Amino acid sequence: MELAVVIGMLFFMAAIALAIIWVRNLFAVTMLMGIYSLTAAALYVALDAVDVAFTEAAVGAGISTVLMLATLSLTKAEEKPFRSIQHPVSLAVVLVTGGVLIYGTLDMPAYGDPDAPIHQHVAPRYVQDSGQEVGPPNIVTSILASYRGYDTMGEVTVIFTAAAGVLMLIGRGRSGPGRRRKTWDYEDLEGDER
Amino acid sequence: MYAAAAAAVLIVMLMALIRALRGPTVFDRILAVNSFGTLTVVLIAVYGFLTDRPDFLDIALVYALINFIGTIAVTKYVQFANGDEPPVEHGEDV
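Chains as they are written, first to last, in our numbering: chain B, 17 to 210; chain L, -19 to 74.
The hints are simulated quantities; they were obtained by calculation from the structure and are not laboratory data. One thing to keep in mind: the hints can contain errors.
Chain L side only, calculated, beta carbon under 8 Å to chain B, not exhaustive [said to hold, decoys possible]: (1) 11; (2) 30; (3) 49; (4) 53.
Now the stretches of chain L that chain B is said to cover, found in silico as 3 or more residues with beta-carbon under 8 Å [stated by the list, open to error]: (5) -3 to 8; (6) 36 to 48.
Small disclaimer: the values here were computed from a predicted structure and weren't measured. Where a beta carbon is used, it is the ideal one built from N, C-alpha and C, also for glycine.
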């Protein structure tokens, strides 16, 4: 039954993706993309990747929808009709690449296989020794804060840089009110003096 | 019993999806998407009990909150985007 639920969700995702390509109304597409993200997040939960699921739900279904709608309010809600271009060579390339990728997945270990390489490499050391080597009872915390400390520091740097950039771009108008109000007062004064 | 509940939720999700695709008006789509999100929350909860891990309930709660934010954003858009009128749709959908 669990497998049936996962297959059902995958079917939904495929149907929604096809619909996103098909539908011309951009508002409907935005709605469908929200559904798609939510279904993907539910699928991640079913696959035991709860942290990824949270990120997908917050970013994909939450923020992305809001940003898309903000963009939509600046443009038209209807996609421009375009002439469909038939390109048999590109279609063949895409089909062959997709087929090769699917062929590549045949080699992968089954879902939840304890003998999979990812469970053999460093995971046993994390599970057995992280309590003594690092300390926190939560293994994920010791991995993020200690074993992959440099990686986490890099991520934090990236997020800080992104936040600083966004604040400099958007915040200029917003933090401006203080400054701008001053200029208004200044101009008003000038007007009164004139 | 949980399996039957999960199957029922999946079927209802399919119906909501069809309504989101065909929905002649914007409001059909909004309602369909909102109920699809709610059904996702229910599905996660049922799935948690199906696999004997009821701690999925917390995740379902967070999803309910996110779904709510999305719906509020959409209704705000419909209210303010094109003046007084909701975005016009021409019936060339699936």
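Results of checking the hints against the structure:
no., hint, result
1, 11, "violated, 10 Å"
2, 30, "holds, 6 Å"
3, 49, "holds, 5 Å"
4, 53, "holds, 4 Å"
5, -3 to 8, "holds (count 5)"
6, 36 to 48, "holds (count 6)"
Of the numbered hints stated above, the single one contradicted by the structure is hint 1.
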